[in-house]
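*Asks:* Given next are the chains, with one letter for each unit.
There are 2 protein chains.
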Amino acid sequence: MSGHLRVLLVEDDIDLATTVLDYLALENMSCDHAANGVAGFNLARANAYDVMLLDINMPRMNGLAMCRKLREEGVDTPVLMLTARDTLDDKVEGFRAGTDDYLVKPFAFAELIVRLQALSRRRSGQARLLTVGPLQMDLDQRQVRREGKALTLTPTGWQLLEKLMRHSPGVVSKSDLEQLLWPDSPPDSNAFKVHLYKLRMAVDKPFASALIHTVPGQGVRCGEAERDGEEAV
Amino acid sequence: MSGHLRVLLVEDDIDLATTVLDYLALENMSCDHAANGVAGFNLARANAYDVMLLDINMPRMNGLAMCRKLREEGVDTPVLMLTARDTLDDKVEGFRAGTDDYLVKPFAFAELIVRLQALSRRRSGQARLLTVGPLQMDLDQRQVRREGKALTLTPTGWQLLEKLMRHSPGVVSKSDLEQLLWPDSPPDSNAFKVHLYKLRMAVDKPFASALIHTVPGQGVRCGEAERDGEEAV
DNA sequence: AAACGGGTTAACGGCCGGTTAACGCTGGCG
DNA sequence: CGCCAGCGTTAACCGGCCGTTAACCCGTTT
Chain A
1 MSGHLRVLLV EDDIDLATTV LDYLALENMS CDHAANGVAG FNLARANAYD VMLLDINMPR
61 MNGLAMCRKL REEGVDTPVL MLTARDTLDD KVEGFRAGTD DYLVKPFAFA ELIVRLQALS
121 RRRSGQARLL TVGPLQMDLD QRQVRREGKA LTLTPTGWQL LEKLMRHSPG VVSKSDLEQL
181 LWPDSPPDSN AFKVHLYKLR MAVDKPFASA LIHTVPGQGV RCGEAERDGE EAV
Chain B
1 MSGHLRVLLV EDDIDLATTV LDYLALENMS CDHAANGVAG FNLARANAYD VMLLDINMPR
61 MNGLAMCRKL REEGVDTPVL MLTARDTLDD KVEGFRAGTD DYLVKPFAFA ELIVRLQALS
121 RRRSGQARLL TVGPLQMDLD QRQVRREGKA LTLTPTGWQL LEKLMRHSPG VVSKSDLEQL
181 LWPDSPPDSN AFKVHLYKLR MAVDKPFASA LIHTVPGQGV RCGEAERDGE EAV
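Sequence order for the protein chains is A and B.
Counting in the numbering used here, the first sequence runs from 1 upward without gaps.
Counting in the numbering used here, the second sequence runs from 1 upward without gaps.
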């Protein structure tokens, strides 16, 4: 169920880097690698990763600075610092730079893997029962109910709804959803639109209000209707 | 800006528990406490916490089982395990139960605090916000409010405003903004001016004061009105 | 006065998103 | 063995939004 994470490793020690790459490959994770901070920064800005592994001591730009700069630019991919610095101040400094986790060298690869998975799923959720307003998805029994009534979803509809509910009330970009359905190559047709439409038919049509909303130019959101904050001043 | 987190501590060692409570109080975090797994489970299900600290060795229900049960019930609050067990297998087991982080006793309180903040930063459902004066941009729900009222932006307007708010109160050069919209080749028309104008219509027109200011010859700035004494000599 | 930087409009056209219907594959069942 | 149902895919159509463009306007500068 780890589902093919995309990882970015920024590490100047080539031996360590290749070893990590090997281990990640065993876990079915794809991993890009950069040997210095600047190269890593550019990769991180250009591609969308699920999690990043950063060394601190690196040529050209160190891991802390790189993390800080990424955060300033709005990149909020989870970051796991990999470093030999183990004093308390180092750790506090790391977290202040926007790190999510901190692992001291030398470390066990099993722990690296497991922390990495924890980081990546922290965004996608890990509960077995998802609830969004009147919608309830039971992942063990594989059934969805709205206001108590069971809904029948197609397999793809299920995939979409699960991702939407996991991110609720956040917006999920169209490209993310497409990548979910077609990991390698999104089709050139409008298949996606049709799937989404049919999901709407299943989830919203039989009821009074819609739970699936498209945010123009941004993506799709699952949640209660938008309330315009009409607060008096 | 730790902003008053609500924490649940489940720990049967009363001495340790009171010490942790004291430290959290210093950080302006409110913290409930339970001394065994069952009590903790009930608290966790009843209230909404930002993050939970669980001991593993506890009477009635251990931390791992409690975490697992919460996940089954759909509670996805971040969990930080606090335990004396430090073998690799223990850690792997902990993460498998749905833990988000794992801290081995004895630990430094500064590290506890900082990891706890990192976890809550990622709290699912908690909005990532950009705030500039009365302007508030919710990056997850992809909506912008000013004085509570929701604004409707076009996709390009959103791009511009996000960059402006990120750099606020700094000035963003016109060429930077153009490069944001057209990475390869800025158009030869005045499309940029029009986009900026429409953004102003959306952000400033319905309100008394303007938040988007052009600094002649420099670029554009997002922020409260400038006090007069600014002249650089 | 002409040139320049910036602000304000209105109109056009393409693209995005929603909606249908039809086709084809696959797996189950008689 | 053949039929049917379910599901994914595709093409086509439509409406409205939004990006683009070319105007014109203004004040300041040269």
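Incorrect hints may appear among the rest.
[To be verified] Some, not all, of what chain A presents toward chain B, calculated at C-beta under 8 Å:
#	residue
1	Pro59
2	Arg71
3	Glu72
4	Gly74
5	Leu129
6	Leu130
7	Thr214
8	Pro216
9	Gly217
[As the list claims (entries may be wrong)] Mimicking EDC-like on lysine to aspartate or glutamate, the simulated pairs with C-alpha atoms at most 20 Å apart in a straight line are:
#	chain 1	residue 1	chain 2	residue 2
10	A	Lys174	B	Glu111
11	B	Lys105	A	Asp32
12	A	Lys69	B	Asp12
13	A	Lys105	B	Asp89
14	A	Lys163	B	Asp86
15	B	Lys69	A	Asp138
16	A	Lys174	B	Asp86
17	B	Lys69	A	Asp140
18	A	Lys163	B	Asp176
19	A	Lys198	A	Asp184
20	B	Lys205	B	Asp188
21	A	Lys105	B	Asp138
22	A	Lys69	B	Asp89
23	B	Lys205	B	Asp184
For the record, the hints were derived by calculation from the structure and aren't laboratory data.
From a predicted model like this one, the values you see are computed outputs, not experimental measurements.
Here a beta-carbon is modelled for each residue, glycine too, at the ideal position from N, C-alpha and C.
*Asks:* Holds or violated: are the alpha carbons of Lys105(B) and Asp32(A) at most 20 Å from each other?
*Replies:* Measuring from Cα to Cα gives roughly 35 Å; hence the hint is violated.
*Asks:* With a cut-off of 8 Å on the beta carbons, see whether Arg71(A) makes it to chain B.
*Replies:* With a closest approach of 10 Å, the Arg71(A) hint is violated.
*Asks:* With 8 Å as the cut and Cβ atoms as the points, is Gly74(A) at the interface with chain B?
*Replies:* 6 Å, holds
*Asks:* At a threshold of 8 Å, is the proposed contact between Glu72(A) and chain B supported by beta-carbon distances?
*Replies:* 7 Å, holds
*Asks:* Checking one constraint from the list: CA of Lys174(A) to CA of Glu111(B), max 20 Å. Satisfied?
*Replies:* The hint is violated at about 38 Å.
*Asks:* Would you mind confirming whether the straight-line C-alpha gap from Lys205(B) to Asp188(B) stays at or under 20 Å?
*Replies:* 27 Å, violated
*Asks:* Should the hint that Leu129(A) touches chain B count as held when the rule is a Cβ pair under 8 Å?
*Replies:* For Leu129(A), the interface hint holds, since the closest Cβ of chain B sits about 3 Å away, which is under 8 Å.
*Asks:* Is the hinted pair Lys69(B) and Asp140(A) satisfied, with a Cα-Cα distance of at most 20 Å?
*Replies:* Holds, because 13 Å separates the two Cα atoms, which is no more than 20 Å.
*Asks:* Please check whether Thr214(A) passes as an interface residue: C-beta within 8 Å of a C-beta belonging to chain B.
*Replies:* Interface hint status for Thr214(A): violated (11 Å vs cutoff 8 Å).
*Asks:* Quick check on Gly217(A) please, does its C-beta sit within 8 Å of some C-beta on chain B?
*Replies:* With a minimum Cβ separation of about 3 Å from chain B (threshold 8 Å), the hint on Gly217(A) holds.
*Asks:* Take the C-alpha atoms of Lys69(A) and Asp89(B), compute the straight-line distance between them, and say whether it is at most 20 Å.
*Replies:* Given that 20 Å is the threshold and the Cα spacing comes to 36 Å, the pair is violated.
*Asks:* Are the Cα positions of Lys105(A) and Asp138(B) separated by 20 Å at most?
*Replies:* Not OK: Lys105(A) and Asp138(B) at ~37 Å, beyond 20 Å, violated.
The structure does not agree with the numbered hints 1, 2, 7, 10, 11, 12, 14, 16, 18, 19, 20, 21, 22, 23 stated previously, though it agrees with the rest.
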